[in-house]
Amino acid sequence: MKKEQIRNFCIIAHIDHGKSTLADRILELTSSVELRDMEEQLLDNMDIERERGITIKARAVRLNYKAKNGETYVFNLIDTPGHVDFNYEVSRSLAACEGAILVVDASQGIEAQTLANTYLAIEHDLEVLPVVNKIDLPSADPQNACEEIENVIGIPALNAPRISAKMGTNIEEVLERVITYIPAPKGDDNAPLKALIFDSYYDQYKGVIIFVRVKEGTLKVGETIKMFATGAEFQTVEIGYMGATSLVPSGELKSGEVGYIAASIKDIGDTRVGDTVTSVEHPCSEPLEGYKKVNPMVYSGIYPTDGAKYPDLRDALEKLRLNDASLSFEPETSIALGFGFRCGFLGLLHMEIIAERLEREYNLDLITTAPSVIYRVTMTNGDVLYIDNPTNYPNLGLISSAEEPVVSADILAPSEFVGNIMELCQDRRGTFKDMKYLDETRVELHYELPLNEIVYDFFDALKSRTRGYASFDYEMKGYQESKLVKLDILLNGEVVDALSFIVHTDKAYARGRRICEKLKETIPRQLFEVPIQAAIGGKIIARETVKAMRKDVLAKCYGGDITRKKKLLEKQKEGKKKMRQLGSVEVPQEAFMSVLKLDE
Amino acid sequence: MCGVYIHIPFCKRKCIYCDFYSVCGDDKLYSGFVSAVSNSIKRRSNKSIKVDTVYFGGGTPTVLKSSQLVLILNTVKHSFDVSPNAEITVEANPCTVTEESLSELFNGGFNRISFGIQSAVDSELSALSRLHNYEQAEAAVFNAERAGFTNISADIMIGIIDQTRKSLIDSIDKITSLPVRHISAYMLKVEENTPLDEMIKRDGSLLKSIADEDELSDRYLLMTRLLEEKGFLQYEISNFAKNGFESKHNLKYWRCEEYLGFGPHAHSYFDNKRYFEDCGVSEFIKNNGEPKITYTDTDVDKAEEYIMLSLRLAEGLDADRLAGLDKEGRYKNIISNAEEINRLSGERLVNISRDGKNLSLTERGFLVSNAVISRLMN
Numbered sequence: 001m002k003k004e005q006i007r008n009f010c011i012i013a014h015i016d017h018g019k020s021t022l023a024d025r026i027l028e029l030t031s032s033v034e035l036r037d038m039e040e041q042l043l044d045n046m047d048i049e050r051e052r053g054i055t056i057k058a059r060a061v062r063l064n065y066k067a068k069n070g071e072t073y074v075f076n077l078i079d080t081p082g083h084v085d086f087n088y089e090v091s092r093s094l095a096a097c098e099g100a101i102l103v104v105d106a107s108q109g110i111e112a113q114t115l116a117n118t119y120l121a122i123e124h125d126l127e128v129l130p131v132v133n134k135i136d137l138p139s140a141d142p143q144n145a146c147e148e149i150e151n152v153i154g155i156p157a158l159n160a161p162r163i164s165a166k167m168g169t170n171i172e173e174v175l176e177r178v179i180t181y182i183p184a185p186k187g188d189d190n191a192p193l194k195a196l197i198f199d200s201y202y203d204q205y206k207g208v209i210i211f212v213r214v215k216e217g218t219l220k221v222g223e224t225i226k227m228f229a230t231g232a233e234f235q236t237v238e239i240g241y242m243g244a245t246s247l248v249p250s251g252e253l254k255s256g257e258v259g260y261i262a263a264s265i266k267d268i269g270d271t272r273v274g275d276t277v278t279s280v281e282h283p284c285s286e287p288l289e290g291y292k293k294v295n296p297m298v299y300s301g302i303y304p305t306d307g308a309k310y311p312d313l314r315d316a317l318e319k320l321r322l323n324d325a326s327l328s329f330e331p332e333t334s335i336a337l338g339f340g341f342r343c344g345f346l347g348l349l350h351m352e353i354i355a356e357r358l359e360r361e362y363n364l365d366l367i368t369t370a371p372s373v374i375y376r377v378t379m380t381n382g383d384v385l386y387i388d389n390p391t392n393y394p395n396l397g398l399i400s401s402a403e404e405p406v407v408s409a410d411i412l413a414p415s416e417f418v419g420n421i422m423e424l425c426q427d428r429r430g431t432f433k434d435m436k437y438l439d440e441t442r443v444e445l446h447y448e449l450p451l452n453e454i455v456y457d458f459f460d461a462l463k464s465r466t467r468g469y470a471s472f473d474y475e476m477k478g479y480q481e482s483k484l485v486k487l488d489i490l491l492n493g494e495v496v497d498a499l500s501f502i503v504h505t506d507k508a509y510a511r512g513r514r515i516c517e518k519l520k521e522t523i524p525r526q527l528f529e530v531p532i533q534a535a536i537g538g539k540i541i542a543r544e545t546v547k548a549m550r551k552d553v554l555a556k557c558y559g560g561d562i563t564r565k566k567k568l569l570e571k572q573k574e575g576k577k578k579m580r581q582l583g584s585v586e587v588p589q590e591a592f593m594s595v596l597k598l599d600e
Numbered sequence: 001m002c003g004v005y006i007h008i009p010f011c012k013r014k015c016i017y018c019d020f021y022s023v024c025g026d027d028k029l030y031s032g033f034v035s036a037v038s039n040s041i042k043r044r045s046n047k048s049i050k051v052d053t054v055y056f057g058g059g060t061p062t063v064l065k066s067s068q069l070v071l072i073l074n075t076v077k078h079s080f081d082v083s084p085n086a087e088i089t090v091e092a093n094p095c096t097v098t099e100e101s102l103s104e105l106f107n108g109g110f111n112r113i114s115f116g117i118q119s120a121v122d123s124e125l126s127a128l129s130r131l132h133n134y135e136q137a138e139a140a141v142f143n144a145e146r147a148g149f150t151n152i153s154a155d156i157m158i159g160i161i162d163q164t165r166k167s168l169i170d171s172i173d174k175i176t177s178l179p180v181r182h183i184s185a186y187m188l189k190v191e192e193n194t195p196l197d198e199m200i201k202r203d204g205s206l207l208k209s210i211a212d213e214d215e216l217s218d219r220y221l222l223m224t225r226l227l228e229e230k231g232f233l234q235y236e237i238s239n240f241a242k243n244g245f246e247s248k249h250n251l252k253y254w255r256c257e258e259y260l261g262f263g264p265h266a267h268s269y270f271d272n273k274r275y276f277e278d279c280g281v282s283e284f285i286k287n288n289g290e291p292k293i294t295y296t297d298t299d300v301d302k303a304e305e306y307i308m309l310s311l312r313l314a315e316g317l318d319a320d321r322l323a324g325l326d327k328e329g330r331y332k333n334i335i336s337n338a339e340e341i342n343r344l345s346g347e348r349l350v351n352i353s354r355d356g357k358n359l360s361l362t363e364r365g366f367l368v369s370n371a372v373i374s375r376l377m378n
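So the protein sequences, as listed, match chains D and S. For the first sequence, position 348 (counting from the first letter as 1) is numbered 348 according to the numbering used here, and the numbering increases by one without interruption. For the second sequence, position 12 (counting from the first letter as 1) is numbered 12 according to the numbering used here, and the numbering increases by one without interruption.
No incorrect hints appear here.
Below are the DSSO-like pairs computed for lysine-lysine, each with C-alpha atoms no more than 27 Å apart in a straight line:
hint : chain 1 : residue 1 : chain 2 : residue 2
1    : S       : Lys14     : D       : Lys565
2    : D       : Lys573    : S       : Lys302
3    : D       : Lys547    : S       : Lys208
4    : D       : Lys566    : S       : Lys14
5    : S       : Lys65     : S       : Lys248
6    : S       : Lys201    : D       : Lys571
7    : S       : Lys189    : D       : Lys571
8    : S       : Lys189    : S       : Lys12
9    : S       : Lys273    : D       : Lys567
10   : D       : Lys520    : D       : Lys547
11   : S       : Lys332    : D       : Lys577
12   : S       : Lys248    : S       : Lys357
13   : S       : Lys189    : D       : Lys577
14   : D       : Lys520    : S       : Lys189
15   : S       : Lys77     : S       : Lys50
16   : D       : Lys567    : S       : Lys292
17   : D       : Lys293    : D       : Lys477
18   : S       : Lys42     : S       : Lys286
19   : D       : Lys565    : S       : Lys327
20   : S       : Lys292    : D       : Lys566
21   : D       : Lys566    : S       : Lys332
22   : D       : Lys566    : S       : Lys189
23   : S       : Lys189    : D       : Lys565
24   : D       : Lys571    : S       : Lys273
25   : D       : Lys565    : S       : Lys248
26   : S       : Lys332    : D       : Lys565
27   : D       : Lys566    : S       : Lys357
28   : D       : Lys463    : D       : Lys518
29   : S       : Lys302    : D       : Lys577
30   : S       : Lys208    : D       : Lys571
31   : D       : Lys220    : D       : Lys186
32   : D       : Lys3      : D       : Lys66
Derived DEER-like restraints, expressed as beta-carbon distance ranges:
hint : chain 1 : residue 1 : chain 2 : residue 2 : range
33   : S       : Asp197    : D       : Asp365    : 27 to 33 Å
34   : D       : Thr305    : S       : Asp271    : 39 to 45 Å
35   : D       : Leu137    : S       : Gly280    : 58 to 64 Å
Just so you know, the hints here were simulated from the structure itself, not pulled from any lab data. Think of the CB as a built atom: it goes at the ideal place given N, C-alpha and C, for glycine as much as any other residue.
Please put together the full structure from these sequences, using the hints given.
Written out as structure tokens, the structure reads:
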């Protein structure tokens with residue numbers, strides 16, 4: 001195969017702007033999938049991805065396209081996750097391509113995520129091919145969308161293909177543009193091997209399958225390969241490319257090609273996304289640029305509702321990690337919740353997805369504690385601690401300074417909501433950076449926000465203040481010093497460790513009060529009065545009381561039918577099972593999550 | 001000693017809150033039922049079974065003719081060894097009895113009658129879709145007294161739609177001034193699939209006209225106090241009586257004594273088994289009372305039941321009796337767990353006797369009996 005006939009590209013789009021639908025149409029048009037195998041949104045093959053309409057993991061597929069000029073081209077379409085949590089994975093997928101199709105919804109225009117990912121593509125020197133989608137919608141305004149692309153991103157877009165992926169309109173034009181617009185890959189087949197890992201997954205028969213883009217040299221079956229970052233060596237067992245529905249062995253991959261390697265790899269940790277694969281016999285001297293180890297940004301405790309399911313939870317986490325090297329977990333114990341794991345996630349969406357997969361695919365009932373970020377604490381004796389669990393936050397007297405992570409956030413919304421957005425960001429301790437008008441009706445706002453202010457309900461709050469129109473993206477900026485305190489929650493006078501969290505001093509009172517109120521709503525009346533208190537150090541700053549229960553059922557017992565009474569007692573027992581016994585207080589599981597939704 | 005319960009599954013009209021088994025019938029159905037239930041009693045006939053209480057419940061037993069009820073009672077007497085001073089109760093709706101019918105019942109052997117009065121306020125009675133008004137209820141009680149009944153019981157309900165504290169006090173005053181010796185007082189509970197339940201589902205604001213948890217509890221305690229002042233002592237969660245007029249039959253349920261039930265959906269506890277007649281009226285008549293039994297428990301856990309049932313009684317739980325029933329000592333903590341008992345008694349939910357042998361619920365404890373009992377049993 002000639003390199004001139006290869007095109008490696010990805011698709012960038014905001015959620016719901018039609019990336020997966022366009023991918024499906026391209027697959028159809030290149031007859032890569034028999035119609036009978038065609039399932040909606042083929043590339044998103046996890047249930048959760050389909051339901052949420054998002055791509056969690058990158059995926060890739062090789063297609064043959066017979067162009068109008070009579071030549072047959074090989075397209076490697078690399079799907080990228082659109083969400084900020086997976087920013088690093090996106091950047092590695094982009095690094096495997098020479099170009100990107102930018103899909104913009106003709107009725108919505110550019111959104112924050114699109115912008116972030118487009119800039120990322122431009123940074124990687126990709127040719128960006130704009131496409132305006134959903135021209136079939138009555139509210140579509142393709143002209144305006146094209147102008148927005150030109151004004152905001154600064155790339156020519158006036159002659160961008162106007163398509164409807166849903167109806168299959170003008171898809172061929174997109175494919176023709178791919179050929180003329182996106183350059184063919186370059187590379188020397190005889191140079192030492194340099195291949196970029198952009199994804200991997202665990203196959204129970206073949207071990208870890210690595211997805212690579214060969215940049216230089218040639219990869220052959222039987223050869224011993226080495227991972228640059230980890231130093232691990234493996235003998236390749238199978239090499240090939242990704243067909244639309246299955247892997248197709250080809251024996252070798254040359255520079256410019258995209259494919260997979262199976263090498264009986266047991267541990268997915270050995271195959272880090274972004275790492276360079278080289279040959280042991282003819283190693284390259286330098287790895288490809290840009291590799292970094294991804295670190296979790298958000299931590300949360302995950303506990304089985306039923307303590308006996310702890311080993312099942314461990315097994316499930318281990319299985320999930322086979323496919324997701326960015327998931328980290330360590331055993332932890334909570335007085336309130338028993339044995340569980342402190343898990344690290346790339347972001348909130350990542351956390352939600354993992355929790356959902358654990359519950360759905362592994363049939364577990366879980367309690368997830370409030371997410372926490374990593375605080376950097378310098379002690380009076382000079383030690384520096386990284387705190388990912390509020391319970392371990394040191395005594396204020398021992399702290400000389402505390403820092404919290406800050407993100408640089410980008411919010412796009414109709415201009416009428418600017419006031420609301422500013423109010424929200426202010427409330428979340430944001431620092432205003434700048435604001436610019438994208439056109440007469442839309443603005444882009446830049447803020448710096450502490451990560452701990454956005455880890456739970458920020459996006460929901462933003463949506464509700466902008467009637468769902470705002471989009472939001474962020475990237476880590478670094479640490480900044482902050483006045484932080486640990487807020488403890490006491491039930492019946494005893495601290496519930498799983499409910500403790502770190503908060504900025506100025507917000508501690510309000511937050512403490514709100515949590516007490518929220519818990520009062522969630523904790524049912526019991527035989528005894530339950531005081532709910534919020535405390536900093538030993539000082540109580542807020543208090544609510546769940547009054548003692550006054551009555552349960554007092555019905556007549558007719559004709560000696562005591563089965564009814566028994567049923568009531570059984571019901572009581574069942575109800576108890578759904579509760580966590582914390583000292584003498586019964587707490588429903590929702591209570592642990594309800595403290596996350598304070599904005600209601 | 002054994003009790004006998006006869007379920008008369010008929011009502012003239014079903015009350016909106018009721019989810020017990022009853023149907024509207026006609027004379028043909030009534031007579032078919034009488035012969036079927038009599039047959040069912042005869043089949044079980046055993047003169048070695050000593051009976052000291054007979055209870056006709058429903059439904060509304062008095063929709064049947066007095067002669068029919070007496071006929072069934074006589075069948076009971078012929079089939080079992082019924083003691084001459086047995087307590088023989090019939091439940092009645094005030095508007096289904098007359099002086100004559102009551103005399104016939106008394107002369108036929110019934111010596112206790114229980115009227116479903118519920119309230120002395122007519123608007124409350126119609127809110128419950130009861131057929132009678134208070135004047136009729138009053139007349140029925142006096143007629144019963146004239147007929148010879150000295151052991152008369154009345155039901156009072158708390159939590160009726162639009163009931164107020166004042167109207168409740170009024171009902172209690174009026175009803176206790178009648179010649180009644182026993183009061184059953186219970187709270188309206190919205191049972192699933194009753195007309196009341198559907199009404200509330202359609203119109204949520206109805207719930208607002210029923211007092212809330214705290215108010216209902218206060219009213220219950222108020223009622224307990226008022227009844228006590230008038231000489232009605234609480235002997236069970238929802239039963240109050242003048243001295244010596246406690247319902248012997250009802251006490252059997254709470255004291256884990258045996259009883260045999262006859263009629264559709266009637267429950268029995270006999271020979272360590274709990275079961276019920278698992279068929280409707282028409283099937284019951286078609287089978288001519290041939291039993292169609294469903295067991296709910298074939299090996300009753302006596303210790304567990306004793307705890308659950310005895311704690312509904314003012315007399316409470318006796319540690320020695322429990323120890324006798326609980327050979328494996330599964331529940332020995334109930335009385336010996338001092339911390340828990342202290343906590344509960346500190347909240348005035350239970351009383352423990354000085355010698356630590358007797359545990360009972362207080363009035364406040366009765367109100368939350370399910371929670372207290374299930375807590376004690378865990």
